[in-house]
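All chains should be built: construct the whole structure from the sequences, respecting the hints.
To convert, count from 1 in the sequence shown and add 38; that's my numbering.
Keep in mind that the hints are not guaranteed to be accurate.
As the list claims (entries may be wrong) - The calculated BS3-like cross-link candidates involving lysine-lysine, where the alpha carbons are at most 30 Å apart (straight line), are: (1) K74 with K44; (2) K99 with K135; (3) K99 with K74; (4) K44 with K133.
Think of the hints as simulated: they come from the structure by calculation, not from any bench.
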Amino acid sequence: VYLLDKIVEQIDYALLFLETREDARNLTLLLKKFEKDGTKVVCVMTVERAQEWYEVMLSLKQNPLISFIILGEPYGPHIPLANSPLGTFIFSALKNKKVMLGGNDLTPLFPIFETDAIHGIHFLLFRNTTGCGVFFLFYRSPHTLISAIHLLKRIEPELAIEFQERRDAQEE
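What follows is the structure, given as structure tokens:
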């Protein structure tokens, strides 16, 4: 990052994955070079962490070179199930042949197939128009945990769904 100002070559495109607070500081440092070069920038963050990047998006919303992507949870054949909470849940359900539900089963899930995510990022980075914006890369209607379990049950008919009583209901 610190040597970027010394690069003589023009940078036409930049794809930045925002995860930590240090990434926000690096983005600020990179902006000088990007603005000088007219670099088209796409910043990607996960839907789970989008709230953390709200201030950064707000401060850069007028910059026509920068677009933001809020990315759902990627899944697919090239992404190990252990790399995501949803994947871990699916792996555990399929391995144990059962799922335990207990209360907040309407939690929204934002899965996106890996090739859909790649195509969306590619489209935004290399489109002919400039202009900032926030783009959402997940399906229009989010799944819920309960709907995901019913989809799993189609694949694995022997999957048992067990309902756990809520503690506050037991105390009454």
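Practice problem: Check each numbered hint from earlier against the structure, then list the numbers of those it violates in ascending order. | Solution: Violated: hints 2 and 4.
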